[in-house]
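These are the residues of each chain, in order.
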Amino acid sequence: MENNSNFEIRKPPVATTGILGWCRQHLFSNWVNSFITLLVIYFLYQLIPWFLDWSVFSADFWTNYKGELIVDRTFCSRVADPEGDHGACWAIIIVRFYQFMYGFYPSEQVWRVNLTYFLLVVALLPLLIEKIPGRKHLIKFTIAFPIVAFILLYGGFGFQIIPTNKWGGLLVTLVLGVFGIAIAFPLGILLALGRRSQLPVISMFCTLFIEFIRGVPLITLLFFGMVMLPLFLPEGLNLDGLVRVLVAVTLFQAAYMAEVIRGGLQAIPRGQYEAAQSVGLSYWQMNRKIILPQAIRISIPSIVNTSIGLFKDTTLVIIIGLLDLLGIGRGALADATWMGLSNEVYVFVALVFFIFTFSMSRYSLYLEKKLKTGINMGAD
Amino acid sequence: MQNNLFQDQKFRGILYQTLVVGFFALGLYFVINTTAYNLEKRNIATGFGFLNNPAGFDISFSPFLDFKSTDTHLKVYFVGVLNTLLVSFCGCIAATILGFIVGIIRLSSNWLLSRIAYIYVEFTRNTPLLLQIILWYAILIQLPRIKQAPQIWETFYISNRGLFGPKPIFLDGSNIVILSLILGCIISFFIARWAKKRQDTTGQQFPTFTTNLSIIVFLPLFVFFIMGSPITLEYPVLKGFNFKGGAVIRPEFIAMFLALSIYTAAFISETVRSGILSVTKGQREASGALGLKKNWIMRLIIIPQALRVIVPPLTSQYLNLTKNSSLGIAVGYADLVHGFGGISLNQTGQAIECMAITMATYLLISLTISFFMNIYNRSIQFKEK
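Taken in order, these protein sequences are the chains called A and B.
Per the working numbering, the first sequence starts with residue 70, numbered consecutively.
Per the working numbering, the second sequence starts with residue 248, numbered consecutively.
Treat the hints as calculated values from the structure; they're not laboratory data.
To spell it out: a stretch of chain B is covered by chain A in this simulated footprint if at least three of its residues, at any positions, have a beta carbon under 8 Å from a beta carbon of chain A; those stretches are:
1) 260-270
2) 360-373
3) 594-608
Below 30 Å or equal to it, Euclidean Cα-Cα: the simulated DSSO-like pairs (lysine-lysine) are:
4) 257(B) - 358(A)
5) 528(B) - 439(A)
6) 205(A) - 438(A)
7) 394(B) - 491(B)
8) 438(A) - 528(B)
9) 358(A) - 205(A)
10) 209(A) - 439(A)
11) 438(A) - 358(A)
12) 394(B) - 414(B)
Among the chain B residues that face chain A by a calculated CB cut under 7 Å, a handful are:
13) 282
14) 382
15) 584
Source: prediction; values computed, not measured.
Where a beta carbon is used, it is the ideal one built from N, C-alpha and C, also for glycine.
Assemble the whole structure, with the sequences as input and the hints as a guide.
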């Protein structure tokens, strides 16, 4: 007994545990690794302070280096004092912040947009959080949300009508993204079911449609909507520019969505179909109650990935002259009062997009972990 | 009676399909009718005759065909197709190389290095490609003007009007040099086949790489000097406000090339990473136990197995890159959409013909790429004996 107390539990060598051990294992495991680590640290040491200095410490926000309020580009420190060491001039974003968020939406009506943004969050809650109280009722609201949002944003029912050419900035980006996803998703399900249908004509139509859309770039579809659609429609029936773009973006995304959902459908074992049929369910009952809930559950990560792709693709509308977030930014740069501040504008727009898409991709990763059945169809 | 008929699955199937075809035909008839009426009203001619009319505009970037404003719209189309193919081809190669490097770096044991690769992937994947193209272009046109252009050995000049460099001039006899280069490639191909066959049967190795490299390099070089140097370089010389002579790569092309390859490489690196991770640990350990060197394990054991997983998504990335090259319109790169589907369409007003040709071309390119990638994919799949 006495002997035992003499034994001390020896600790592992200092160099293999704790921070030191971690560094040794992950950063300095051999000569090559140590060299690479030092090289990377050197580059980071050059890059990070420079970027922080440019974007924050030497940057102008409301006022320039003399303390004057910035109202146009000539007040920006880096324009007024090109010899000095000045960073970014964020005033272009601050002064035009309203335009970046709402475009040319009348300011006395802008509460409608803000209310829509708020309702969007409410509508997303039951989709994001599974255990929220009253989920069933909230889901009903989610389904009704596109109609509510349309009335709030566009007008009618006692609201003043705001034509879509007054919309712009983040509003247009979100309208295209949210409406696009909300319409493309059910359309994609129908297309996927159609492609797998036993009826040869329907299957052929759906396959041709999907393969055609996936074979051409989105920009050609947007041109199609802008230049060709007016020729196809009878005179007097003039579709709104935003609607035409929305149709093109939605059809494009529906084709990709269909392929993702088809992947999910293929993963459902045949026994599920046979069991559903033997209970006497009809085709639609079988799909609605048995097959689709499982297929969609499997393909959720890929669906989110496709939605991220759609959200990024909404920027293409600037090519046909719509003013989304990027379009407003380019508009500001084309304006003589703010010319030449392209770095600031593009960094800001990139940051806004990054916040949305990165949180979407994090959410898809979280779902993938939760479901543990994620399959990726290679869609971006 | 009718009730029974509706419960018959076969009858219902035929009914639905007839309805779909009927509605489709009706819609098509309606669209064709209104379109014909609209075209007539707007005095737009139909047909493809406009392709032979002179275009009347200039294209600044046409490296393969010499383009003048008196050339026809048909030539605009060919210039556009070549420009699309050029940027897609260069982009695919660069994106593949960069993607493989980044994918392998992300699995590196160096924590800092793999983190940096991760940050690169997340930033490029999560911002719109169009924004990246515009940003690269904005950076490139902030470069110094031609007069102050920085130079490298008085050969290359970097300016806001593009990258200027020497241009090869082919004199008499240069054909033979090029022929010898092709001949060298063919000889190397057969040597490689012979060496592989010998290694498979006897196990003896042959220094294929060094032999072939020297054949490809030295054979044309030898012929080059025998023929009395028939290929010379023409250097760009600053004259007035612009360079005379030499070759130029326009900033539109560089911006497209950089943005497309960097953006797509982020996606490719993810497929490479998942491909390498899909090779089980036992494979690595077994090859280590056999005494293979570390880079041999990667080259002979891991990559061939990972390729089976990598190639199908790689194909769709190539297709995406090719389709995304249509965004060149944002920076004025004269590709198919900008040149033919954009300017020609606006000049002639023949929207239907221009869009149909443009879309058909993209479909053809997409189908061709997937056809060849499918052949390659079949060749690397498991061959079970």
